[in-house]
Amino acid sequence: MKNLEELRKLREKAQKNIKLRSQDAKIKVVVGMGTSGIAAGAREVLNKFINEINERDLDDVMVTQTGEKGMSSQEPIVEIREENKPTIVYGEMNPDKVEEVVEKHIVNGKVVEEYVVSVEEE
Amino acid sequence: MAQRLNVLVCSGASCLSSGSIEIKKKMLEEIKKAGLEDEIRIIETGCMGPCELGPVILVYPDEILYKKVKKKDVEEIVENHFLKGRPVERLLYKSPETEKLIKKHEEIDYFKKQKKIVLRNCGMIDPESLEEYVALDGYEALGKALTEMSRDEVLKEIETSGLRGRGGAGFPTHLKWKFTKDAEGDQKFVVCNADEGDPGAFMDRSVVEGDPHTVLEGMAIAGYVVGASKGYIYVRAEYPLAIERLRKAIKDAKEYGFLGENIFDSGFDFDLEVRIGAGAFVCGEETALIHSIEGKRGTPRPRPPYPSISGLWEKPTNLNNVETYANVRHIILKGGDWFASIGTESSKGTKVFALSGDIQNTGLAEVPMGTTINELIYDIGGGAPEGKEIKAVQLGGPSGGCITKEYFDTPIDYESLTELGAMMGSGGVIAMSQDTCMVNTAKFFLDFNTFESCGKCTPCRVGLKQMYKMLDKITKGEGEKGDIDKLVELGESIKKTALCGLGQTAPNPVLSTIKYFRNEYRQHIENKKCSAMVCTDLLTYTIDPDKCKACTLCAQNCPVDCIDGERGVVHEIREDECIKCGNCYDVCPFDAVIKTTGELE
Ligand SMILES: Cc1cc2nc3c(=O)[nH]c(=O)nc-3n(C[C@H](O)[C@H](O)[C@H](O)COP(=O)(O)O)c2cc1C
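Here the protein sequences come in this chain order: F and C.
Taking my numbering, the leading residue of the first sequence gets 1, the next gets one more, and so forth.
Taking my numbering, the leading residue of the second sequence gets 1, the next gets one more, and so forth.
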């Protein structure tokens, strides 16, 4: 270890590994993972979100899951929750749509109206 | 593929003994079965603190805490939670007051009142991973000290912080460092006291097992200030996991260049070694500890000279406790002023306590200095089980004293505890309900101290034994008038004349229980009565003839056949032969056996 610069480089690399435990998330992506959700492809959707968000180094986005949401005809269901904003619920998601939602909604703050199934006021 | 869940399995001593390793194994299997192995990472951590709830599992990013997990629960957790996103409710924590389920671990009362500095990483990171430590600002303080601060600037920061030794006496850390720094010597040493001999204490063990690098970093910074190139960590052999983790941490730190030569290209060399003690209590005393490291018999010597002037191999040696070192990096990173803003006028920062005895939430808790005993034992500890009342707490282990409930609103700091006849010690807190006999408790601690006396000085070797004999007599109903005064007199003179801290504090548990519970002593001596019903020799078992159904169950269970009677004939206990084992009392289905204490009116 030669200097603080080197230490900080090591730290940046290491932080990826503990991100789940230390982040202070502003945006929460919640994927419905009930039995019907999984049957409709919710796992692929969940993992796509995780990978997209990691690849783009979006540190303040947390991806988590919940059980059945009671909208089984529109599974896989995904909610995007943000403080002081209405919760956006997307339906019939798939990995391609995930990419679009990450790009447009999460990164650029523009809701992808096309896939929205409901908007829940806080 | 990136991970979406981190599952932290507590492997602190208590959770380990209730099966956390088995649970972890089973979890790995189940995760594999469900095809989730790329998405979920399982991490074995150090002690998370709430030992009473163990084995404990904490799931990130949602921070869901599972308590009392059994191997058979694992499948359900993986299937319902990890896969389908529904936490298993029956394993979640329920608020004792509102009966409400609490999912997020930070909302649990036990954690809410705590302030974690020393234990910040404990239960959060993989203690065997240097990278995880670095990810949470590890070794940044060392880097900052070595590359941006002079030795005096570091020392100044420690002085501003007001940090005092966590190993017992609360000596100002900056002074110790300064004495060692200013002492003449071609070679100097840094030593860490991880002996932790108090029965029931496990604070230092938890820090070393849960976050070993934090101790190494604190020691290296001390080494830089005092001018030492070599350090030793003295750990008892009963802590094999702590020893293993320290050794691995030292090896990794050397590999990355946080220990070794020319650290951070600053010209500072520092190397560390683990030394293992055989577990004698007196080896926690600094001069005995130093003898033990030198390979000599672990007995103390008179001070001065203090180790800072003449320590290991007569060289200037800075010796601190584990928790003291663990605070150092935070002070360097956040500044002495920040640290000094926490705590009381005389005692800064936090203290880690180990709660045990008659208390619901046994475990580790770190609180700011100045927290009251009430907050510690009720808000965090949850009070005594079964609605019992806590009548006193013992603080400071076998050399400490008890504090009664009238003083529970006292803010805890070094001075307030000493004033009350107890002491901070290493932070062991033993709660005692009305079912505790104070005479017997004092006898227990004195027995410990007598056994651990190294025998070098007479007051401790002979005096403690005499005190013990007197206490033993009293608990057996053979106490005589005047015994209490004799105990006090002898205790006071041992305190004044013993060679080291062991003898100088060993009478404390007796003196403080006499001070606050003199009446219990009197009852034992004058009325042959133990109102807590603990001292068996003072108990009498009789059978109530009106309640006895003559079933012979008691007689069948009496190991000495001292119960007369047969089916249809009311039973009677022959008192002079009774060994007071209590079997008859426990087995009687009709509550006909009566337990009394004291001379019958
Ligand atoms: C009998 C006896 C046992 C002790 N045991 C310990 C111990 O287990 N751990 C510890 O840190 N200090 C123990 N001490 C206190 C040490 O002598 C020493 O004061 C302390 O380690 C200094 O570190 P500090 O300044 O960081 O508190 C003990 C003292 C006595 C008299």
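Derived by calculation from the structure, the hints in this document are not laboratory data.
Among these hints, one or two may not hold up.
With a straight-line Cα cutoff of 30 Å, these simulated DSS-like cross-link-like pairs (lysine-lysine) come out [unchecked claim]:
no.	chain 1	residue 1	chain 2	residue 2
1	F	Lys16	C	Lys33
2	F	Lys28	C	Lys481
3	F	Lys13	C	Lys24
4	C	Lys67	F	Lys26
5	F	Lys16	C	Lys26
6	C	Lys405	C	Lys496
7	F	Lys28	C	Lys84
8	F	Lys16	C	Lys254
9	C	Lys32	F	Lys13
10	F	Lys9	C	Lys248
11	C	Lys32	F	Lys16
12	C	Lys230	C	Lys248
13	C	Lys495	C	Lys481
So these bits of chain C aren't anywhere near chain F, every CB distance computed over 10 Å [to be verified]:
no.	residue
14	Glu39
15	Thr98
16	Met124
17	Glu389
18	Arg461
From the three backbone atoms N, C-alpha and C, an ideal C-beta is built for every residue, glycine too.
Now for the hints, and whether the structure bears them out:
Straight-line distance between C-alpha atoms of Lys16(F) and Lys33(C) comes to about 26 Å, which keeps the hinted pair within the 30 Å bound. With a CA separation close to 73 Å, the supplied pair Lys28(F) and Lys481(C) exceeds the 30 Å bound. For the suggested pair Lys13(F) and Lys24(C), the alpha carbons sit about 26 Å apart, so the restraint of at most 30 Å is met. A distance of roughly 28 Å separates the Cα atoms of Lys67(C) and Lys26(F); the hinted pair therefore holds under the 30 Å criterion.
Proposed proximity of Lys16(F) and Lys26(C) is supported: the alpha carbons are some 26 Å apart, at most 30 Å. Restraint check: the Cα-Cα separation between Lys405(C) and Lys496(C) comes to about 29 Å, which is no more than 30 Å; the hinted pair holds. For the hint pairing Lys28(F) with Lys84(C), the CA-to-CA distance comes to about 17 Å; that is within 30 Å, so the pair holds. Among the hinted pairs, Lys16(F) with Lys254(C) is consistent with the structure: their alpha-carbon atoms are about 23 Å apart, no more than 30 Å.
Proposed proximity of Lys32(C) and Lys13(F) is supported: the alpha carbons are some 27 Å apart, at most 30 Å. Restraint check for Lys9(F) and Lys248(C): the C-alpha separation of about 23 Å stays at or below 30 Å, so the hint holds. Of the supplied pair hints, the one linking Lys32(C) and Lys16(F) holds, its CA atoms being roughly 23 Å apart against a limit of 30 Å. This hinted pair checks out: Lys230(C) and Lys248(C) have alpha carbons roughly 18 Å apart, not beyond 30 Å.
Proximity of Lys495(C) to Lys481(C) is assessed by CA-CA distance (about 23 Å); at most 30 Å being required, the pair is judged to hold. Interface exclusion of Glu39(C) from chain F breaks down, the closest Cβ pair being 7 Å apart, not more than 10 Å. Non-interface call for Thr98(C) relative to chain F: holds, since the shortest CB-CB distance, roughly 23 Å, exceeds 10 Å. The claim that Met124(C) lies off the interface is violated: its Cβ sits roughly 6 Å from the closest Cβ of chain F, which falls inside the 10 Å cut-off.
Interface exclusion of Glu389(C) from chain F stands, the closest Cβ pair being 40 Å apart, more than 10 Å. In this structure Arg461(C) is separated from chain F by more than 10 Å, as the shortest Cβ-Cβ distance comes to about 50 Å.
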